[in-house]
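Student: Listed below, chain by chain, are the residues.
Protein chains: 2
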Amino acid sequence: MIVVAACQLAPALGDAAANRDRVAAAVEDAAGRGAELVVLPELVSSGYAFEDRAEAWASAEDVDGSTVQAWRRLAADRGVVLVGGLCERSGDSLFNSAVVVDPSGVRAVYRKAHLWDRERLIFDAGDQAPPVVETRVGRLSTMVCYDLEFPEWVRIPALAGAQILAAPVNWPAAPAPPGERPAEVVRAQADAAVNRLPIVAADRVGVERGVAWVGGTVVTDADGWVVAGGWSSEEEAVVLAELDPAQADDKRIGGLSDIHADRRADLYPTSGWVRPLT
Amino acid sequence: MIVVAACQLAPALGDAAANRDRVAAAVEDAAGRGAELVVLPELVSSGYAFEDRAEAWASAEDVDGSTVQAWRRLAADRGVVLVGGLCERSGDSLFNSAVVVDPSGVRAVYRKAHLWDRERLIFDAGDQAPPVVETRVGRLSTMVCYDLEFPEWVRIPALAGAQILAAPVNWPAAPAPPGERPAEVVRAQADAAVNRLPIVAADRVGVERGVAWVGGTVVTDADGWVVAGGWSSEEEAVVLAELDPAQADDKRIGGLSDIHADRRADLYPTSGWVRPLT
Numbered sequence: 001m002i003v004v005a006a007c008q009l010a011p012a013l014g015d016a017a018a019n020r021d022r023v024a025a026a027v028e029d030a031a032g033r034g035a036e037l038v039v040l041p042e043l044v045s046s047g048y049a050f051e052d053r054a055e056a057w058a059s060a061e062d063v064d065g066s067t068v069q070a071w072r073r074l075a076a077d078r079g080v081v082l083v084g085g086l087c088e089r090s091g092d093s094l095f096n097s098a099v100v101v102d103p104s105g106v107r108a109v110y111r112k113a114h115l116w117d118r119e120r121l122i123f124d125a126g127d128q129a130p131p132v133v134e135t136r137v138g139r140l141s142t143m144v145c146y147d148l149e150f151p152e153w154v155r156i157p158a159l160a161g162a163q164i165l166a167a168p169v170n171w172p173a174a175p176a177p178p179g180e181r182p183a184e185v186v187r188a189q190a191d192a193a194v195n196r197l198p199i200v201a202a203d204r205v206g207v208e209r210g211v212a213w214v215g216g217t218v219v220t221d222a223d224g225w226v227v228a229g230g231w232s233s234e235e236e237a238v239v240l241a242e243l244d245p246a247q248a249d250d251k252r253i254g255g256l257s258d259i260h261a262d263r264r265a266d267l268y269p270t271s272g273w274v275r276p277l278t
Numbered sequence: 001m002i003v004v005a006a007c008q009l010a011p012a013l014g015d016a017a018a019n020r021d022r023v024a025a026a027v028e029d030a031a032g033r034g035a036e037l038v039v040l041p042e043l044v045s046s047g048y049a050f051e052d053r054a055e056a057w058a059s060a061e062d063v064d065g066s067t068v069q070a071w072r073r074l075a076a077d078r079g080v081v082l083v084g085g086l087c088e089r090s091g092d093s094l095f096n097s098a099v100v101v102d103p104s105g106v107r108a109v110y111r112k113a114h115l116w117d118r119e120r121l122i123f124d125a126g127d128q129a130p131p132v133v134e135t136r137v138g139r140l141s142t143m144v145c146y147d148l149e150f151p152e153w154v155r156i157p158a159l160a161g162a163q164i165l166a167a168p169v170n171w172p173a174a175p176a177p178p179g180e181r182p183a184e185v186v187r188a189q190a191d192a193a194v195n196r197l198p199i200v201a202a203d204r205v206g207v208e209r210g211v212a213w214v215g216g217t218v219v220t221d222a223d224g225w226v227v228a229g230g231w232s233s234e235e236e237a238v239v240l241a242e243l244d245p246a247q248a249d250d251k252r253i254g255g256l257s258d259i260h261a262d263r264r265a266d267l268y269p270t271s272g273w274v275r276p277l278t
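Chains as they are written, first to last, in full-length UniProt numbering: chain A, 1 to 278; chain B, 1 to 278.
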């Protein structure tokens with residue numbers, strides 16, 4: 001079993017130094033309570049509600065910039081694996097990225113492939129599959145927010161043997177019927193269950209230029225059950241849970257059934273998937 | 001708007017005549033309350049818990065057998081579209097099928113492609129994609145139970161323009177944490193939401209040779225919210241709801257986002273989907 005922490009934070013738009021401090025405090029808190037994996041929100045380095053690409057560019061950093069350097073020090077000092085959202089500048093490109101850092105340094109940079117709403121006017125879309133990295137907490141994958149809404153995307157690291165999916169998210173606020181879990185949580189539960197892949201999703205809070213958030217930070221187990229969080233909130237929080245990465249190695253789900261082996265990949269359309277014959 | 005009915009019934013194992021009567025009563029009830037689409041459980045013609053293929057074979061019928069003939073009469077008499085689960089014999093093959101019937105006759109026969117647990121010892125697996133049929137209630141698709149656990153499969157009719165997915169199911173009983181919807185309901189909600197495709201799933205009840213069921217019959221809208229049913233029950237029931245098939249024609253989900261157009265099909269692996277490079 002490992003202890004994971006999903007940190008629900010309120011980044012300050014365009015204030016990288018304040019955001020580094022906020023992250024440092026959360027990681028210290030999480031590590032002090034035993035967390036071995038710490039997941040931070042999408043774009044926690046910069047905030048989210050940019051007017052345009054130029055404004056986002058001004059808040060962007062290289063992967064060897066001050067933010068990731070600070071995360072590397074935190075990971076090394078506290079012996080944790082850290083996954084957080086970075087407004088990433090690379091050459092002339094601008095990505096909404098997730099960075100995986102452990103005590104040895106940067107282990108992976110993933111660039112969001114499915115851009116939500118106006119993000120497509122601001123960021124370049126990634127074109128690489130989610131990574132799977134061997135870490136001290138198990139084989140770890142990551143993707144960002146809207147990526148989770150595409151089951152094809154979650155399948156990729158799941159089939160590649162990931163044991164935990166760490167997802168920085170900024171889930172835009174939307175009403176849920178009374179008593180129902182947020183829609184994004186429901187979909188994360190399904191992503192987990194159909195792959196037997198535990199998911200740790202760190203959402204944000206803090207209204208930014210009129211944009212509000214679900215605040216639905218959640219940890220699910222391999223069956224898709226919520227083990228911590230998963231209800232809407234407006235508060236910053238460090239959500240802790242225990243997970244067993246080995247759960248993900250067993251895709252059996254009852255009797256002779258195996259949720260991966262039972263796929264009929266021979267029948268699934270090739271990548272186009274447009275208007276199959278029926 | 002259309003009125004749909006999902007009939008949660010308790011078929012009698014191996015008693016086709018009794019099951020025809022049970023279905024007739026449910027369809028009369030549903031139609032009398034305004035239903036235009038009536039969905040019946042998986043294997044409602046035969047029951048489920050067969051010992052082996054030979055026993056299932058003895059309960060199987062051709063698509064022009066007594067059961068589907070009775071369904072055709074019901075559909076014509078009441079002017080409804082009916083989707084139900086048939087233990088189907090075809091030549092030497094035995095399928096766990098869903099049959100779509102309307103007042104004009106049999107519109108589609110779909111054979112379950114993902115066989116659950118011991119079904120693989122009893123049935124032949126279908127190898128055709130879910131159909132999409134133009135009916136008086138809209139463009140209708142169908143698949144059976146475990147098929148819903150494979151998002152790749154749900155995508156096929158969704159991308160082909162289906163407006164409603166009617167799913168005969170026999171969800172095996174499993175505990176859910178207190179206050180949580182059944183796991184199969186959560187996954188159906190996600191299937192619906194990531195495709196903006198309303199789902200009508202008719203489950204069964206009635207313990208059969210020690211096998212019990214969720215009794216989680218559910219209707220979701222295009223956002224994946226439960227509009228009727230969706231909690232475990234041991235009772236037979238006709239679950240009615242209103243749905244707007246036109247919801248499925250609009251895949252926009254906020255601002256510039258479109259849950260189908262935003263797919264990165266160019267990046268998804270081809271059908272094999274095994275061990276992609278990471």
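Calculated from the structure, these hints are not laboratory results. Don't take every hint at face value.
Output of the computed footprint for chain B on chain A, the stretches with three or more beta carbons under 8 Å from beta carbons of chain B [to be verified]:
{"hint": "1", "region": "114 to 128"}
{"hint": "2", "region": "190 to 203"}
{"hint": "3", "region": "250 to 260"}
Cβ atoms here follow ideal geometry from the backbone N, Cα and C, with glycine treated the same way.
Student: For each hint, tell me whether it holds in the structure or not.
Tutor: Results of checking the hints against the structure:
Against chain B, the region 114 to 128 of chain A contributes 9 residues with a C-beta closer than 8 Å to a partner C-beta. That satisfies the three-residue criterion, and the hint holds. Here the region 190 to 203 of chain A counts 4 residues with a CB under 8 Å from a CB of chain B, which clears the bar of 3, and the coverage holds. With a cut-off of 8 Å between beta carbons, the region 250 to 260 of chain A has 5 residues touching chain B; three or more are needed, and the interface restraint holds.
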